[in-house]
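*Asks:* Dock chain R against chain E, hints included.
Chains E and R are the protein sequences, given in the same order.
In this text, residue positions in the first sequence follow our numbering: the first is 1, and each later residue adds one.
In this text, residue positions in the second sequence follow our numbering: the first is 1, and each later residue adds one.
FYI, nobody ran anything at the bench for these hints, they're computed from the structure.
Take the hints with a grain of salt, since some may be wrong.
List of simulated lysine to any residue pairs, SDA-like, C-alpha gap at most 20 Å [what the hints assert, rightly or not]:
(1) LYS174(R) - ALA217(E)
(2) LYS174(R) - ASN246(E)
(3) LYS85(R) - LEU192(E)
(4) LYS87(R) - ARG242(E)
(5) LYS174(R) - LEU199(E)
(6) LYS87(R) - ARG44(E)
(7) LYS174(R) - ARG242(E)
(8) LYS87(R) - ASN246(E)
(9) LYS174(R) - PHE136(R)
(10) LYS174(R) - ALA224(E)
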Amino acid sequence: MSKADSSVQRDAAHPAAVGEPGGGLAVAVWATLKRDLTLMLRRRGEVLNPLVFFALVITLFPIGISPDPELLATIAPGLLWVAALLAALLSLDSLFRGDYDDGSLEQLLLAPQPLAMLGLAKVAVHWLLTGLPLALMAPVLGIMLALPAGSYLILAISLALGSASLSLIGAIGAALTVGLSRGGVLLSLLVLPLYIPVLIFGAGAVQAAILGDGAAAHLAILGALLALALMLAPWAIAASLRISING
Amino acid sequence: MWAFINKLRSPKWFYAISERLLPWFWVAAAALILVGSVWGLAFAPADYQQGNSFRIIYVHVPAAFLAQSIFVSMAVCGLVYMVWKIKVADMVAAMVAPLGAAMTFISLFSGAVWGVPTWGTWWMWDARLTSMLILFFLYLGVIALRGAFASRDSASRAASVLAMVGVINIPIIKYSVDWWYTLHQPATFTVTGRVGMPMEMWAPLLIMVLGFYSFFIAVTLMRTRSEILRRESNKRWVRELAGERH
Numbered sequence: 001m002s003k004a005d006s007s008v009q010r011d012a013a014h015p016a017a018v019g020e021p022g023g024g025l026a027v028a029v030w031a032t033l034k035r036d037l038t039l040m041l042r043r044r045g046e047v048l049n050p051l052v053f054f055a056l057v058i059t060l061f062p063i064g065i066s067p068d069p070e071l072l073a074t075i076a077p078g079l080l081w082v083a084a085l086l087a088a089l090l091s092l093d094s095l096f097r098g099d100y101d102d103g104s105l106e107q108l109l110l111a112p113q114p115l116a117m118l119g120l121a122k123v124a125v126h127w128l129l130t131g132l133p134l135a136l137m138a139p140v141l142g143i144m145l146a147l148p149a150g151s152y153l154i155l156a157i158s159l160a161l162g163s164a165s166l167s168l169i170g171a172i173g174a175a176l177t178v179g180l181s182r183g184g185v186l187l188s189l190l191v192l193p194l195y196i197p198v199l200i201f202g203a204g205a206v207q208a209a210i211l212g213d214g215a216a217a218h219l220a221i222l223g224a225l226l227a228l229a230l231m232l233a234p235w236a237i238a239a240s241l242r243i244s245i246n247g
Numbered sequence: 001m002w003a004f005i006n007k008l009r010s011p012k013w014f015y016a017i018s019e020r021l022l023p024w025f026w027v028a029a030a031a032l033i034l035v036g037s038v039w040g041l042a043f044a045p046a047d048y049q050q051g052n053s054f055r056i057i058y059v060h061v062p063a064a065f066l067a068q069s070i071f072v073s074m075a076v077c078g079l080v081y082m083v084w085k086i087k088v089a090d091m092v093a094a095m096v097a098p099l100g101a102a103m104t105f106i107s108l109f110s111g112a113v114w115g116v117p118t119w120g121t122w123w124m125w126d127a128r129l130t131s132m133l134i135l136f137f138l139y140l141g142v143i144a145l146r147g148a149f150a151s152r153d154s155a156s157r158a159a160s161v162l163a164m165v166g167v168i169n170i171p172i173i174k175y176s177v178d179w180w181y182t183l184h185q186p187a188t189f190t191v192t193g194r195v196g197m198p199m200e201m202w203a204p205l206l207i208m209v210l211g212f213y214s215f216f217i218a219v220t221l222m223r224t225r226s227e228i229l230r231r232e233s234n235k236r237w238v239r240e241l242a243g244e245r246h
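So that you can see chain R by itself, here it is in the shape it has in the complex:
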């Protein structure tokens, strides 16, 4: 166990192991997203209430899943960095933050596009939309704080603390927004008109979710690898690597 953690400490080890893992995640992401989107967009039956517009679910839901889990993974990386001083964890945290913000934006945007045929408006102060919007602001805060420090070490630790504070607050925000919504808004619109989804709709969604996760892991590994090279550019192994590739 400790040997494993000690290995994780080394960016060089991470660079080597991620090189072997990366193609697999790219292949998985491409295959799953291709299968899921073709199945979901072309073959899954249309919804009896929403018609074909429901198909945006195949982008909207995976993005929303990722938006939330990326924040949690960012906070976990922050904790690992603060406790064990593992530099790679901080690099991962720095690299996933813009991805998480992008995913939150995609889920908000696709929700708005979905809202036009379903609700007749681009924006509703719906509980889920509102908490997603707040999550977006939390991401922007973490990214802005990291960018504001001149010293990288301070930036990393400040962003870690803020990510951890944020992750404690996310469930509180979510439940209080739910409460607020039920108090203030009559529940005339239900986002999901269906109780249970038939298998033909549900299976491509699952495939898309898995595909989005593989894509996220692949992009994170790729970005972290280049961040390792950037931050460790004065280390010997990076110089040697650069030399042998020239």
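With the rest of the complex left out, here is chain E:
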């Protein structure tokens, strides 16, 4: 499988790389996107696991705390957000792991296109197959937690926006720990403190929608965090990948 993986990438990226070194950025980014999507969709289990984990964790809370709908409704925004965040975190370790193991990460490093952009393409795929499904699934779990009406759309939007930042920030941690054989727990230790602002404004948006305060301000700040992460994280990811490969 790994041999086929790298050849998919090489076939797609090579013509552009040979033809015009430094150019063909769009081709390379598109090829990386397509390759990662293909690979992930071939391993459906890996895509589904975070979603199952999300549902499972949400099931634990009523059992552990209380099945009382009123109590659940007050803590539902935070529970949903924390559980989604943990589910996204769980899938991070495999973000660069496969590519690191079969050597295609080194091919990305050698490509004439900037590594930051190629890394961004990989993060985009991670968000598409983890963050976005989690956001779409959250309203269903919201019903189970008796989340008050009127906040479902905001819940999905805040998770979709917020999980993009989570993927970007988390990818820095994943890139830093990909070279370590047991980087999983360390990864959560590095990344979780950095997730806190996103959690505050994400859960805050849902809370505000329930209270009728208008969640626009929270969503705007989530968007601002995403813009900042989009601007800075790719460079940190690229630098971290270089460290992990050379070390």
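*Replies:* Frame of chain E, contents of chain R only:
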């Protein structure tokens, strides 16, 4: 300027210059902390609301100052190491990380001790306590990441990147925690009941802050010197140094 930077590159030069600076910082730290604590603990007037328990401020505030500035200095060292490949900068970054974590712990612990007479509880999810706790976790992350790599060069560069990422996030975390706190908690407790501090309380605090900083610099220089000897132990000048001291 470039000559200076080139000098900084050399651990040997740093070792020599720090040997001359070190006693001064030790003397300054000892004198300032002694004066500040005697003045603050014995002579400064008691607070009209909090009584004598406010005196923990003379440990709590300097520790909190240091906790934050050590993280920034660690990130600056990381940047210097990544850009100019100055090894001493990385040694300093490695040496200050546990100090910063210790200072964060001291400020958290003294805050908890202070909380008992003031709030009636050891822990409150107060905005400042919360962001300090997160800062503590950030320190632990940097230390753990540095320890996880087998190769020292990778460890140094990874820790540098993480410190820089962390330092960008610290203000974001601080402001979002402030926001969170004002949204969720009624502001019934104000940490500082006083608007302005009288001079007699404020002056020893300033002296203590300066004393803590001198102590930090002295400890950092000392630890960096031993780290230089450890990392450069196969260099000739270190061998000669060891030989002549035998």
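*Asks:* Now tell me if each hint is right for this structure.
*Replies:* Against the structure, the hints come out as follows:
Between the alpha carbons of LYS174(R) and ALA217(E) the distance comes to roughly 18 Å, so the proposed pair stays at or under 20 Å and holds. Between LYS174(R) and ASN246(E) the alpha-carbon distance is near 34 Å, which puts this suggested pair outside the 20 Å criterion. Taken as a hint, the LYS85(R) and LEU192(E) pair is broken in the structure, with Cα atoms around 29 Å apart against an allowance of 20 Å. Pair hint LYS87(R) plus ARG242(E) holds up; C-alpha atoms about 19 Å apart against a cutoff of 20 Å.
Between LYS174(R) and LEU199(E), the direct Cα distance comes to roughly 13 Å. Compliance with the 20 Å bound is thereby established for this hinted pair. A hinted pair counts as satisfied when its Cα atoms are at most 20 Å apart, and LYS87(R) with ARG44(E) does not qualify at roughly 46 Å. Between the alpha carbons of LYS174(R) and ARG242(E) the distance comes to roughly 30 Å, so the proposed pair goes past 20 Å and is violated. For the hint pairing LYS87(R) with ASN246(E), the CA-to-CA distance comes to about 18 Å; that is within 20 Å, so the pair holds.
Distance hint between LYS174(R) and PHE136(R) is fulfilled; the C-alpha atoms sit about 13 Å from each other, no more than 20 Å. For the suggested pair LYS174(R) and ALA224(E), the alpha carbons sit about 16 Å apart, so the restraint of at most 20 Å is met.
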